[in-house]
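Trainee: Residue numbers (the working numbering), protein chains in the order written: chain A, 1 to 232; chain B, 1 to 123; chain C, 1 to 271.
These aren't lab readings, by the way, just hints derived from the structure by calculation.
Heads up, some of the hints might be wrong.
Claimed, not checked - Result set (EDC-like, lysine to aspartate or glutamate): computed pairs, CA atoms no more than 20 Å apart in a straight line:
1. 220(A) with 120(B)
2. 220(A) with 8(B)
3. 265(C) with 60(A)
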Amino acid sequence: MTATFECKGLSKNFGATQALDGVNISIAPGRVVGLLGPNGSGKTTLIKLANGLLTPSEGEVLICGKRPGPESKAVVSYLPDKTCMPLWMNPVQLMAFFQDFYGDFDRQRAEDMLQRLGLDKKQKLSQMSKGTREKVQLIMVMSRKAKLYLLDEPIGGVDPATRDYILDTIIRNYDPEAVVIISTHLISDVEKILDEVLFINRGRIMLQASVDDIRQQYGKSVDEYFREVFKC
Amino acid sequence: MDWTFNNDMPIYTQLVDKIKLSIVSGQLPPGEKLSTVRELAAEAKVNPNTMQRAFQELEREGLVFSQRSNGRFVTEDMEVIMEAKKAMAQTYIRSFVESMEQLGYTGEEIISLIKGEKEEDKK
Amino acid sequence: MLGKLIKHEFKGSGRTMVPFILVCLGLSVLAGLSIRGMEIQKDYGWFSIVFGIVMFLFVAGLIAVCVMALVVCIERFRKNLLGDEGYLMFTLPVSVDEHIFAKLIVSSVWFIATWLVCMLAFALMFLCNLNLIEVNWSEISFVFGEIWARLVDFGLLHVLGYFLEVLALVFVTCCGTCLQLYCAMAIGYSFSNHKVLLSVVFYFVISMVLSFIQSFGMLFLNTLNIQPVQSISNAGVVHVVLLAFLVYMLVYATIMYIPTRLLLKHRLNLP
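Just need the whole structure built from these sequences, with the hints factored in.
Mentor: See the structure below:
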């Protein structure tokens, strides 16, 4: 079976700075993976490479066996760590946009989520608060039936109640064929919904292990273990 | 069910313990149909794969069984349930005794303390 | 997918362009009416002030619509592809070529549309000003008939050819102009700092290099000392010149396209 997400000797440098250094990862379908690391460890670079927003300096990223391109982008649902939706649009226009470009966009799912979070479908994004925009963006991303979800800091800027709703959405939309990769530093919040974690530091993968294996082996939560490993 | 978790144990073993407790306490009666993995995972806010693993463990122990198309059920075999209950009780007792011994009590003293506590409760 | 990109590009840019165009056309009607008003009005007092303001707005509107086409061309590329929206656009299942072509086609259409709007605005102004009763329709039809006869004499095929060639030339020139702007921005935005400043600098650098090459090429052509080919008719020479310009603009557009594409594909540097 081909891995849904795979990195082979992946390196990326920006001038003299080495952002990623010989990363090897392989993730099978059906996994929910936490990409955990301190600020500036290479999380966002890795995710951008997977989306084809950056080109590797060395090695390659493969999504369902293919390098990033129009074909891979059709099966990847990406939540960037900033607002990227055109601010002049409202959720209705955004849904039409997503529906046009992504065959896997589930309009009904998006409508349901918008309603459940009590968002105004006719309100322009430019009139929404930052947190509300993030919610709309997440709804669009989670309303696709993608093979790979790349969520960059999905819970960073939202209140705890919404945070719970987001995690709940990820669990409820769980698809045994899909992979969810969540990059975050708020580990204790996401720990329960993860299968595996990847510890990344200074552009290198330090550990790929299952959450329960870490708990079994070290007798502590991933959050506590992380703090120990990355102690300043 | 209370879905809070400790930090020092794997999540799936904690799930196993919680469901087991519901079964032996009768909260989930014998033959009761269980919610799907997905529903329970959403309720407990855990990864569905972890919930699946917990169920596999419970199936291995014979406390639940799955019928191909109908879903999962609590076993109707009372013997298995009682055995599980007893095993759980033993685990609790063992850790309790261990703690008491650390406090310096002997076996006899522990028993009389428990008796005393029970009398207090009755009043 | 290119069609969908173009559709959404029209939506994104039309938001700005359509109101401007409508205001422009509205002003041209007002201008026409006020010219007529000036003719009817005997004492010019307060009305001449109104007339002055309307004419000023009319001219300002025409200039604004042309400037806006340029601004929209730049801003749609800069914001939609190189800004935060780039995260959305470049993760759509479309190729970089489709992105550039969508932007290019829509911008060129707006450029051409603004010229048409300017012409239409003047036409509207005169129409509003016309006293339809006084128009001598037979004279007009006579003039048009005369023009048509001349065209037939000249050869309708030639005329059609010119028309198509000029149209293609205008379109390709628009594309080339856009692509030079895109190319400069693609270069400027591949740096981490001073992106806007560098874009402007590179735009002028490219212009300078181009005009250098141009004058060099002219010198070279002069040394070749090409003699006019006797066998080609005068009408044919115009075709040759138009097609030569077309080829030149195509080469220019392609030269601008290649670095733009490579930079967007491999050196994308989103904020």
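Trainee: When you check the alpha-carbon spacing of residue 265(C) and residue 60(A), does it fall within 20 Å?
Mentor: The hint holds at about 15 Å.
Trainee: Given the hinted pair residue 220(A) and residue 8(B), is their Cα-Cα distance within 20 Å?
Mentor: OK: residue 220(A) and residue 8(B) at ~4 Å, within 20 Å.
Trainee: Compare the distance between the alpha carbons of residue 220(A) and residue 120(B) with 20 Å, and conclude whether the hinted pair is satisfied.
Mentor: violated, 38 Å
Violated hints amount to a single one, hint 1; each of the other numbered hints is respected by the structure.
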